[in-house]
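As given, the protein sequences belong to chains W and B, one line each in that order.
Residue numbering for the first sequence follows this note's numbering, beginning at 1 and increasing consecutively.
Residue numbering for the second sequence follows this note's numbering, beginning at 1 and increasing consecutively.
Fair warning: there could be bad hints in the mix.
Stated by the list, open to error - With the C-beta cut set under 7 Å, the calculated list includes, among others, these residues of chain B facing chain W:
1. 43
2. 104
3. 108
4. 110
Source of the hints: derived by calculation from the structure; they are not laboratory data.
Backbone N, C-alpha and C fix where the C-beta goes; we use that ideal spot for every residue, glycine too.
Now for the letters of each chain:
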Amino acid sequence: AQTVTQSQPEMSVQEAETVTLSCTYDTSESDYYLFWYKQPPSRQMILVIRQEAYKQQNATENRFSVNFQKAAKSFSLKISDSQLGDAAMYFCAYKGGTYKYIFGTGTRLKVLA
Amino acid sequence: EAGVVQSPRYKIIEKKQPVAFWCNPISGHNTLYWYLQNLGQGPELLIRYENEEAVDDSQLPKDRFSAERLKGVDSTLKIQPAELGDSAVYLCASSLDLGLANTGELFFGEGSRLTVL
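Build the full structure now, drawing on both the sequences and the hints.
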């Protein structure tokens, strides 16, 4: 069975600085998607960034980028120039061929002014 | 374009009472999900619909939970009777699954927070 592990329950970053959130996963599948979702307090969860496993190039979305290491089964999220609005729970998620999403336990990101 | 709409946002009930949650997905999305999210945890799948068919309900506690998506559009999740341990946020999500063209993105509602006293 697939698993997703986020080992950092909470992280803090100074405004304008860079922070990296870690995620590891386990799977025997070769084709899958990996995602980072953001859940602000009392607000809906939204997609931050997506990575297709067959793509070697790391995905980037403005200030957000990933470091995808397929062999190591690692998928970290880097947030550059952190802003107060980045404060939220961040969930790493895996989606394989069964259409079932597996979410990690989340990392709470605090942004310090 | 309207997002995924859920109601009610908050519900407080006594244990053993019934409760129902409603979800209206994004128009045209064929796949609908109900997730359970406990405090400080990630979402856990309860049931997944493809159109009106429940294709994955293995994690749904069928002795007290039921769900329906009669016309393949909106959906209702019911708990009867509710137990103290059911206190959580119930999230609805939808996606447009088009096989190879599937982007995989889930669109979530704001959730329904249930408190069982």
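Hints, verified against the model:
Given hint, residue 43/B at the interface with chain W, holds; its Cβ is 5 Å from that chain's nearest Cβ, closer than 7 Å. Of the supplied interface hints, the one on residue 104/B holds, with its beta-carbon coming within about 4 Å of a beta-carbon of chain W, less than 7 Å. Among the interface hints, the one on residue 108/B holds; its C-beta lies about 4 Å from the nearest C-beta in chain W, closer than the 7 Å criterion. Given the 7 Å rule on beta carbons, the hint for residue 110/B holds: about 5 Å separates it from the nearest Cβ of chain W.
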